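**Q** Listed below are the residues making up each chain.
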Amino acid sequence: RAVVNASETSFGAGEKPAPYASATQYNNFYEFGMSKSDPFENSGKFTTDPWNVTIEGECEVKGSFALEDLLKGIDLEERIYRLRCVEAWSMVIPWVGFPLAELIKRFKPLSSAKYVEFVTVERPKEMPGQRSVFSTIDWPYREGLRMDEAMNPLTLMAVGMYGNVLPNQNGAPMRLVVPWKYGFKSIKSIVKIRFRETMPPTTWNDLAPQEYGFYANVNPEVDHPRWSQASERRLPNSIFSPNRIPTEMFNGYGEQVAHLYKGMDLRKWY
Amino acid sequence: MVLTLTGRRWLIGIACALPLIYIVQAIVRVQTGEWNLLGPEPGKAITHFTGTWGFNFLLLTLAVTPIVRLTKQKWVMPHRRMLGLYAAFYVSLHALAYLAFLLGWQWGELGREVVERPYLLVGALSWLLLLPLVITSTKAWQRRLKRRWKQLHQLIYVIVALAAVHYLLQIRASWFEPVAYTLIAAFLLALRLWFFAKKKRARTS
Numbered sequence: 001r002a003v004v005n006a007s008e009t010s011f012g013a014g015e016k017p018a019p020y021a022s023a024t025q026y027n028n029f030y031e032f033g034m035s036k037s038d039p040f041e042n043s044g045k046f047t048t049d050p051w052n053v054t055i056e057g058e059c060e061v062k063g064s065f066a067l068e069d070l071l072k073g074i075d076l077e078e079r080i081y082r083l084r085c086v087e088a089w090s091m092v093i094p095w096v097g098f099p100l101a102e103l104i105k106r107f108k109p110l111s112s113a114k115y116v117e118f119v120t121v122e123r124p125k126e127m128p129g130q131r132s133v134f135s136t137i138d139w140p141y142r143e144g145l146r147m148d149e150a151m152n153p154l155t156l157m158a159v160g161m162y163g164n165v166l167p168n169q170n171g172a173p174m175r176l177v178v179p180w181k182y183g184f185k186s187i188k189s190i191v192k193i194r195f196r197e198t199m200p201p202t203t204w205n206d207l208a209p210q211e212y213g214f215y216a217n218v219n220p221e222v223d224h225p226r227w228s229q230a231s232e233r234r235l236p237n238s239i240f241s242p243n244r245i246p247t248e249m250f251n252g253y254g255e256q257v258a259h260l261y262k263g264m265d266l267r268k269w270y
Numbered sequence: 001m002v003l004t005l006t007g008r009r010w011l012i013g014i015a016c017a018l019p020l021i022y023i024v025q026a027i028v029r030v031q032t033g034e035w036n037l038l039g040p041e042p043g044k045a046i047t048h049f050t051g052t053w054g055f056n057f058l059l060l061t062l063a064v065t066p067i068v069r070l071t072k073q074k075w076v077m078p079h080r081r082m083l084g085l086y087a088a089f090y091v092s093l094h095a096l097a098y099l100a101f102l103l104g105w106q107w108g109e110l111g112r113e114v115v116e117r118p119y120l121l122v123g124a125l126s127w128l129l130l131l132p133l134v135i136t137s138t139k140a141w142q143r144r145l146k147r148r149w150k151q152l153h154q155l156i157y158v159i160v161a162l163a164a165v166h167y168l169l170q171i172r173a174s175w176f177e178p179v180a181y182t183l184i185a186a187f188l189l190a191l192r193l194w195f196f197a198k199k200k201r202a203r204t205s
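Taken in order, these protein sequences are the chains called A and B. Position 149 of the first sequence, counted from 1, bears residue number 149 in my numbering, the numbering being contiguous throughout. Position 40 of the second sequence, counted from 1, bears residue number 40 in my numbering, the numbering being contiguous throughout.
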């Protein structure tokens, strides 16, 4: 576990982060398998160095960049965010990263860039989930944000957690963290960023559009067709207490992001 | 068979209790400090574990008749009752684990949960249908009900089908296990249809 230098912030003051073992041994990363222990168990051979990220689309600065060049001059900070999974569990995680907006500015997006698309690495040799014949996902994994969502100061590009570099199973070497949206929006192991005029196709929305919307904002009032989103299980919990807590609108980040959705029917744009 | 009937009963009875012994020791270890042994959602892990074993025993119980008929291993037959009772036992533990660990005994939530998650209703029905079979599992009831006993215990076909639906309705991305269980259940039920058809043919010819 290589230590990274990050300045402290006031994000998540008073929150109690999940133990490192919970955050790193229990998560969804279907590239490494379907069960929540698979990412931890199957990501040991995943190589993240060297790592290149391709920048494409509606922007002035395009091309393939080595990760270290991309991050040159960027100051890292620690932010403790609540992560709410669409499956109705949540964890508090101390991320290390920087605002996505800082990175985006370097590429000088054109005024035609209305959306940002992100793509995860496709490497079936190192990612057993991508080789699996049982998978219903059309690899590589894709996600996207509207430009104003991407530029919001809360939107974080993470390269570490718990004061260390990101473990493979949590999306090394660089992943998105969008704390007011369900976890699947926070795409891992990013190799491509594309500025677009139109809404990009996104993996879960393609797979089950009636269950997973493009926006996927945390919303206790709009249930998943098969379960309620009104409450969540804050993990880790104990055997005799499910630790159910009410889910907050925009995962409690409404003050910073509610204005982005003014006038939108959030039942329609779930 | 080398072992006597009683010897086999003991052996199978203990083997069937192994999953219970495993999960009880895991619970004890979690509660005494090894908090991460069952992961950050131990209640859910226990619920899934007992549910899986309930289904395993349902399938084993359903497999007894075809095994005896197709392999002529008649000694298996007297053990079907115990397998069935263990199935009901693990399914009951599964229901109890859901109520205690996932619902946290919040009965008020139950109504909302059931409406939102139809698989709960299907699972609950499957469990309820097991109860009359448990009650009438004794020799005394078998004698009292005569031919009706067999008819009553054919409810197991419905119970297994409901269990499969209960599992299938929960598919998110990993459909392998629910589909595998359903295929095995469907195969065992299809064998029954084949047996019935054969019997009918034998009777009419």
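These aren't lab readings, by the way, just hints derived from the structure by calculation. Treat the hints with care, since some could be wrong.
[To be verified] The calculated label-pair distances, taken between Cβ atoms and stated as ranges, are:
id, chain 1, residue 1, chain 2, residue 2, range
1, A, Val-222, B, Gly-108, 17 to 27 Å
2, A, Lys-108, B, Pro-118, 48 to 58 Å
3, B, Leu-128, A, Gly-254, 40 to 50 Å
Note that the coordinates shown come from a computational prediction; the quantities given were computed from them, not determined experimentally. Glycine included, each C-beta is placed from N, C-alpha and C at the ideal position.
**Q** Could you check the structure against the hints above and give me the numbers of any it violates, in ascending order?
**A** none
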